[in-house]
Amino acid sequence: MSKYRQLQSIFIDRIEVNQYIGLDTSILFYNKLQESIQKPLKMILLYGKPGTGKSVLINKIYHDAKDKKNVFLISTPIQQEEEFIKKLYTFLLPESTLPEDLTYNRFIDICNALKDKKHITVLLDEAQLYSSSLMEKIRLISDTRTIKFVVSLHKTEKEDLIAKEHFQSRIWETIELKNGTIHDTNMYIQKKLIQQNYFEIANMFRKSNIKLIHKFTKGNYREINKLMFTLFEIYDYYEDNKPSKIAGSTIKNRYLEMSALKLGYINA
Amino acid sequence: MLEIEKLEKEWRRYRLKRLKPLIFSSIALLVAAAAAVWLTETGSNSTLKNGAEEIEATALGLPAAATKTSSNIEPSVPVEKASVPIVEKPIKSGTKKASVQTETKETEKKEVRMSRTETVESEVTLNPDTAFMESLLDDMKDSSTAKEYRAVIPVKEEIVASSTTERKKSPVSKKSDDTEIENTEKADRSKGSGLQIQSTKTNNTLQLLIERFSRSNDPKLASYIAQSYYKKGNYKKAVKWSVTANSLDPSGEESWITFARAKVKLGKRDEAIKALRVYLNQYSSRKVRSYLRRLESKR
Chain A
7 MSKYRQLQSI FIDRIEVNQY IGLDTSILFY NKLQESIQKP LKMILLYGKP GTGKSVLINK
67 IYHDAKDKKN VFLISTPIQQ EEEFIKKLYT FLLPESTLPE DLTYNRFIDI CNALKDKKHI
127 TVLLDEAQLY SSSLMEKIRL ISDTRTIKFV VSLHKTEKED LIAKEHFQSR IWETIELKNG
187 TIHDTNMYIQ KKLIQQNYFE IANMFRKSNI KLIHKFTKGN YREINKLMFT LFEIYDYYED
247 NKPSKIAGST IKNRYLEMSA LKLGYINA
Chain B
3 MLEIEKLEKE WRRYRLKRLK PLIFSSIALL VAAAAAVWLT ETGSNSTLKN GAEEIEATAL
63 GLPAAATKTS SNIEPSVPVE KASVPIVEKP IKSGTKKASV QTETKETEKK EVRMSRTETV
123 ESEVTLNPDT AFMESLLDDM KDSSTAKEYR AVIPVKEEIV ASSTTERKKS PVSKKSDDTE
183 IENTEKADRS KGSGLQIQST KTNNTLQLLI ERFSRSNDPK LASYIAQSYY KKGNYKKAVK
243 WSVTANSLDP SGEESWITFA RAKVKLGKRD EAIKALRVYL NQYSSRKVRS YLRRLESKR
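Protein chains in written order, with the working numbering: chain A, 7 to 274; chain B, 3 to 301.
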């Protein structure tokens, strides 16, 4: 595989805990979330625009904590109430003891019975996909204090409403994730490249490149990944067909602009 | 599949679109400048012309305005008549006054004298108003103060950074690129305390890279560390790390270039040239050759 094709793969948008990039702000959120989990809270709300690193953060928390504590992750929402309750039951008690007719009310009773004996934390990713009625039940389950929920959801008008209805009246802790600054953008790109030993490529990025990347992506990590992927796609093409065009020791803003055009950030 | 030709065309259109306002504004600016020059020249010419006419009129014993008008309309038109349209045109008060009096030679002379003085006055008013210079100077003072203020921040930052690294001796002018990025960040963050955190974090990153190098002994990583030190303005460390990179992989051109660049910054241009020549004796590199040529030309 060519160098630039390998570089493209670094910026494929996926959640890989071992490729977690510890930026100043993300470390701050990570520590804040860790602290919140330690507190005797019922629910913790983690929200922000898509691409601000919520899923990465929640996965990192799960990865780091799963061996030490009773922390569980539901990364894909379980829409069916029965299925969801069963899943929670398996987190609390062995699957072999799972009753066939487990209803929501019975599960609440089980939780109340376990109140002082067991405490677990359940991380719910993409929580905006849960129905309002299920969210209400999740809230009531958390009231038993046997299960603590960390709810991660996208910040849109509709989801703000969900947040308002189900959490804001009884806010325990909220963490809002935001897009990165120019400094974060720079560190993100540098660390991603250095992590994979692309030191020379990391050195090719100048301040003007970073400023342009930040301008196009507004510091959104998903958009940065997309832009970088396209940039290296263009570089890969030139390396195969017109290598003289990419000669030089710096990244040319022209190719960043071409990437932005392809992704529709700017128009001709 | 990437349609690069289409993308290139699109980019050219985009560039043109971006350049359009710039081109138009420069054209507008040029036109405005040309117009200003033309107006200034016309103004000074008319003043000179007036002056010349007045002198001529004095010589002939006639008011300047009369001469001007007579030359413009008809040579046979009497002086009194010629004075009328000028009275109607209240452009130059000097000429106007001159045209009112045409009775006797003495009064004419007096008026000519008056017109002269007033022409002088009008010339004075045509002179550019220098009042804006004062405000400009004030602005300059302000901007210089702002510059001073800006200059203070890196110093502070340098001090903060030096507490964690060996940057104590590096002069303020040798400000690192990272620090510069952080300075631009300053606008976003606008809090001085943020700068301290940034510097420490950046140094921590470098520290982590050094630790990583101690495990991997990767020459590329050593070269990257050398370049990072160079960007930070720590040229001695940059030399040290480029030598480390160099000893692990003598063919890596980046480490040689960083070595040479750091040496130049340390005022040892000859050593830099010597090192690059040594490299070129063994390896061929367009980049090294061009940098060597640049160094030699500046000698």
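Since the hints were derived computationally from the structure, they do not count as laboratory data.
Ideal Cβ placement from N, Cα and C applies to all residues, glycine included.
There's no promise every hint is true.
Under the rule of at most 20 Å between Cα atoms (straight-line distance), these lysine to any residue pairs were calculated in the SDA-like manner [what the hints assert, rightly or not]:
hint: 1; chain 1: A; residue 1: 197; chain 2: B; residue 2: 209
hint: 2; chain 1: B; residue 1: 19; chain 2: A; residue 2: 272
hint: 3; chain 1: B; residue 1: 222; chain 2: A; residue 2: 210
hint: 4; chain 1: A; residue 1: 48; chain 2: A; residue 2: 106
hint: 5; chain 1: A; residue 1: 121; chain 2: A; residue 2: 134
hint: 6; chain 1: A; residue 1: 198; chain 2: B; residue 2: 19
hint: 7; chain 1: A; residue 1: 198; chain 2: A; residue 2: 247
hint: 8; chain 1: A; residue 1: 198; chain 2: B; residue 2: 8
hint: 9; chain 1: B; residue 1: 8; chain 2: A; residue 2: 235
Which chain B residues stay away from chain A? Per the calculated CB distances, all over 12 Å, these [said to hold, decoys possible]:
hint: 10; residue: 4
hint: 11; residue: 14
hint: 12; residue: 23
hint: 13; residue: 207
hint: 14; residue: 225
hint: 15; residue: 229
hint: 16; residue: 249
hint: 17; residue: 267
hint: 18; residue: 272
hint: 19; residue: 300
Structure-based check of all given hints:
1. With a C-alpha separation of about 14 Å, the suggested pairing of residue 197 of chain A with residue 209 of chain B holds against the 20 Å cut-off.
2. For the proposed pair residue 19 of chain B and residue 272 of chain A, the alpha carbon gap of about 11 Å is at most 20 Å, so the pair holds.
3. Of the supplied pair hints, the one linking residue 222 of chain B and residue 210 of chain A holds, its CA atoms being roughly 14 Å apart against a limit of 20 Å.
4. Our distance criterion of 20 Å between C-alpha atoms is broken by residue 48 of chain A and residue 106 of chain A, whose separation comes to about 28 Å.
5. Simply put, residue 121 of chain A and residue 134 of chain A have alpha-carbon atoms about 28 Å apart, too far for the 20 Å limit, and the pair is violated.
6. For the suggested pair residue 198 of chain A and residue 19 of chain B, the alpha carbons sit about 34 Å apart, so the restraint of at most 20 Å is broken.
7. The hinted pair formed by residue 198 of chain A and residue 247 of chain A fails the criterion: a straight-line CA distance of about 27 Å is larger than 20 Å.
8. Our distance criterion of 20 Å between C-alpha atoms is broken by residue 198 of chain A and residue 8 of chain B, whose separation comes to about 30 Å.
9. Between the alpha carbons of residue 8 of chain B and residue 235 of chain A the distance comes to roughly 19 Å, so the proposed pair stays at or under 20 Å and holds.
10. For residue 4 of chain B, the requirement that its beta carbon stay farther than 12 Å from each beta carbon of chain A is not met, with the minimum near 5 Å.
11. With a cut of 12 Å on Cβ distances, residue 14 of chain B falls inside the contact zone with chain A, its closest approach being about 8 Å.
12. The beta carbon of residue 23 of chain B is kept farther than 12 Å from every beta carbon of chain A, the shortest such distance being approximately 15 Å.
13. Distance to chain A contradicts residue 207 of chain B as a non-interface residue, since its nearest Cβ pair spans about 8 Å, not more than 12 Å.
14. A beta-carbon of chain A is positioned within 12 Å of the beta-carbon of residue 225 of chain B; the least distance is around 7 Å.
15. Annotated as non-interface, residue 229 of chain B brings its C-beta within 12 Å of a C-beta of chain A; the closest such distance is 5 Å.
16. The Cβ of residue 249 of chain B lies farther than 12 Å from every Cβ of chain A, with a closest approach of about 17 Å, so its non-interface assignment holds.
17. Consistency note on residue 267 of chain B: stated as away from chain A, and its beta-carbon is indeed over 12 Å from all of that chain's, at 17 Å minimum.
18. The Cβ of residue 272 of chain B lies farther than 12 Å from every Cβ of chain A, with a closest approach of about 24 Å, so its non-interface assignment holds.
19. Against chain A, the non-interface label of residue 300 of chain B holds: every CB pair exceeds 12 Å, the least being about 19 Å.
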